[in-house]
Amino acid sequence: MLTQVLLEIKSAQNGLNLSELSRKLDIDRSALDGMIQFWVRKGRLRDDDADFAAMTSMCSPPSCGGSCAGMAVCPFVAKIPKTYSIPAQKNDRPAE
Amino acid sequence: MKSHDLAYTQRDGFSIDYGREAEEEIVRLQEEIKRQSHIENQFPSRWLAIKLLEGDHDIQMRLKELKGGLELLAAAEKSNAHLNKIYGDDVDVIIADHRYGWINGLVREAVKRTRPDRLSKSDKVDRIVTHRLLGIPIFLIAMWVVFKLTADISAHYLDWVDGVIGGPITNWMMSLLGVLGLGGNWVESLFVDGIIAGVGGVLVFVPVMMFLYLALAILEDSGYMARAAFVMDRLMHALGLHGKSFLPMLIGFGCTVPALYATRTLENEKDRILTGLLVPFMSCGARLPVYILFAAIFFPENASGVVFGLYLLGILTAVILGIILKNTLFQGKEQSTFVMELPPYRLPTLRGIWFHMWERTSAFVRKAWTIILATSIILWILMAIPVSGSGSFADTDVSDSAFATANEVFAPVLAPLGFDSWEASSALVTGFVAKEVVVSTMAQVYAVEEVEEEAEATTFFEDIGEIITSFISATGDTLKSLPLIIGIDLFEEEDEAELTDLMLAVRNSFEESSSGHGALASMAFMVFVLIYTPCMVAIAAEKQELGAKWMWFSIIGQLLLAWLMAFVVFQGGKLLGLG
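Residue numbers (my numbering), protein chains in the order written: chain A, 3 to 98; chain B, 33 to 611.
One chain only, chain A, in its complex shape:
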C-alpha cells in the first residue's frame, strides 16, 4: 500500500492531486497524508513548500521598494498549492 502510493506518483502522466490519488488507491485521505509524509521523511518525495520556505532572502535590490523577507511572505507570490515531487537524483525502485 505504501509503495503503491509512490509507484502511482512515479507512473502518473500528469500531476496528480491528493484527492484523486486517494480515490484511485481506495485509501482514506488522512492515511494518504501520513504516507506522503513518510516518503518525505525517507527522502523519496520532496516537499516543494520547504524549498519556498527556505528562501528567506531573495530580491536584492528588492523589487517591491521595501526589504525582502523571503518567498513565504513576498506579497507578489500568489498562493500556490502545496506539492510533493519525486527528487530527480533518486532512482530507487520500491519493492513491488
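Derived from the structure by calculation, the hints contain no laboratory data. For each residue, glycine too, the CB sits at the ideal point set by N, CA and C. Among the clues, some could well be false.
FRET-style restraints, in silico, Cβ to Cβ [what the hints assert, rightly or not]:
| # | chain 1 | residue 1 | chain 2 | residue 2 | range |
| --- | --- | --- | --- | --- | --- |
| 1 | A | Arg43 | B | Arg145 | 24 to 32 Å |
| 2 | B | Gly508 | A | Gln39 | 52 to 60 Å |
| 3 | B | Ser505 | A | Gln39 | 53 to 61 Å |
| 4 | A | Asn16 | B | Glu543 | 30 to 38 Å |
| 5 | A | Asp28 | B | Ile352 | 17 to 25 Å |
| 6 | B | Leu511 | A | Ser13 | 48 to 56 Å |
| 7 | A | Asp28 | B | Leu511 | 49 to 57 Å |
We have chain A already, so just place chain B on it with the hints.
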C-alpha cells in the same frame, strides 16, 4: 519445523504480521534480546526488535550506552542487510507498508461510510473545474472576469485619483511652496512637473491594482487558484514542457523577480534555465498600468478585452518559445511528476480578502515612493538640462533637453513599429528601471509639454469637499458599472469618461508618429512592453539564477522578439487595413 516457523504462527496477544521473512528476523532478534536480560527488562522484546529493524535513531543511541547493546545493533544490522536483499528496499518501508495495510483493512471493516463514492462537495466541483476539456475554458473565463473588474470597473476611481492628484494635491503643493518662497522657480517645477507628475502618474493606478488584487484574493482564498495551477500543469505536460514550471510562471503574473528565484524548485538545470527564460513573458503587475492607459485611450469600448488579450499573448509566446527551446537548446528526458494538494473550496472572508489585497497594493505604493520617486527626480533633472535651444536649467523646452536628445537616438529604430517619437522611446528606456516608470515617464514628458491653464482658485476646505463629493460620485459610478461584467451598460453616452490631458497628449503623439494609425501603433507599443526585457531587478535576478550567458541571451532575445512582434502587429495591421 524450525523454531522460527513456529514462532511465526504463534504470537502472544495483538501484533501486526510483517510477513514471514520479517517475522523470522524479529524472532531472531528477540532471542538475542532475551540473552541480555537487563535490556529485556527495559524494553518489550518484540517492540525493540521492530525498532532495531526500523533503524530508530533514538533506540540505537540508547543501546550503545548499554552493555551488550553493540552486539544487538550488529545483529540488527545483519538482519537488515538480509531483509534488504530479499525485499529490495529499506526494512522500515516494509514495516510501515504492513502497518498501513493493517490499518486500512481495519478501517474498511470497522468504518461505515455515508458517502460510498468518497466524493466531497469540493471533489464534485473539481470534476468540472479540472476537467480535461472544461478546465482551461473555465480558467479563461475566470481571468476574463478579473480583467473586466480591473480595466472597466476601476476606471471611475482611477479618474478620481487622477483628479485629486492633478487638482487639490498639486494646488496645495504650489501653495505650500509659495508660502516658503520657493514658488515660480525650478523647485516648484521639480515638485510639480517631476515628483507629482512622475509618482502621481503611477499612483493614479492604485485603484486598478486594488481591483486586480481584490479579484486575485477572491480566487486564491476560495481555493480556485490551486485548481488553475493544476489545469496549467496538464497543459504544460500536453505541450511537452515540465509540469512544475507552472509554479514560477504563476508567480510571474505578480512579479518576475520572485518568479525567477522560484525556479530553484526545479532540480534539473535545463528545466530551471528554460523556465527562467520563459517567466518574463508572464506579464507582471507592473506592466498593467501601461496596458490600462493605452487601452483606455485607443480601445475604450473594449479595454478589458485588450488587456486580457495581452496576457494571453504573453502566455502563448511563452508556450511556443518553450516548445521550440525544449526541442532545440534544451532537449532532455521528461522529468518526474508530482502530487498536489488541492485545498477545499471555501467562502473567502472579507478580512482575508482585504488583508491580501492591501498587502499587495501597499507594495505597489511603496515602490512608487522609492524607485519611482528616485527615477522621477533623475528624469526631471535630465529634462531640465538644456542641450540645444535658448533655454536655461529648468526653463527649457523639453524637446531641447538632455533627456530628449539622448532618447532621439533610439527613435529611428522604433519607426517601423509606428511610435518613433522620442517620448515613446524614452518611456521604453526608462522602463528598464521598473515597468511602472513607462507610465510615470509619459506623465512627466507630456505634462511638461502641456499648456498651462488658468485654474480657478479654491480654498482648502473647498478642495476637501470636492475630494469627498467626487469620491462619492466615483463610488456610485463604480457600482453602476458592475453590470458591465455581464455586458450590461447602464451609462448614457454622455456619461462615459473623458480623456485626461495626458491621454489626449499620448493619443496625439501616437497618431502623429504613426501617420494616423494610432490604435495600431498603441497595440504595437503594448506588445513591445509585454515582450521586451524586464526591469533591472529582474535582470539582476536572471544573472544570479541563470548565469551571465543566459541573462544576455534573455535580454537580447526579448528585445529582438519584442521588436519583431510589434513590427508584425503594426505593419501587418496596416496591410490588413486595421487600426
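Quick rundown of the hints versus the structure:
{"no.": "1", "hint": "A:Arg43 to B:Arg145: 24 to 32 Å", "in the structure": "holds, 29 Å"}
{"no.": "2", "hint": "B:Gly508 to A:Gln39: 52 to 60 Å", "in the structure": "holds, 53 Å"}
{"no.": "3", "hint": "B:Ser505 to A:Gln39: 53 to 61 Å", "in the structure": "holds, 56 Å"}
{"no.": "4", "hint": "A:Asn16 to B:Glu543: 30 to 38 Å", "in the structure": "violated, 49 Å"}
{"no.": "5", "hint": "A:Asp28 to B:Ile352: 17 to 25 Å", "in the structure": "violated, 41 Å"}
{"no.": "6", "hint": "B:Leu511 to A:Ser13: 48 to 56 Å", "in the structure": "holds, 53 Å"}
{"no.": "7", "hint": "A:Asp28 to B:Leu511: 49 to 57 Å", "in the structure": "holds, 51 Å"}
Violated hints, in rising order: 4, 5; the structure is consistent with all others.
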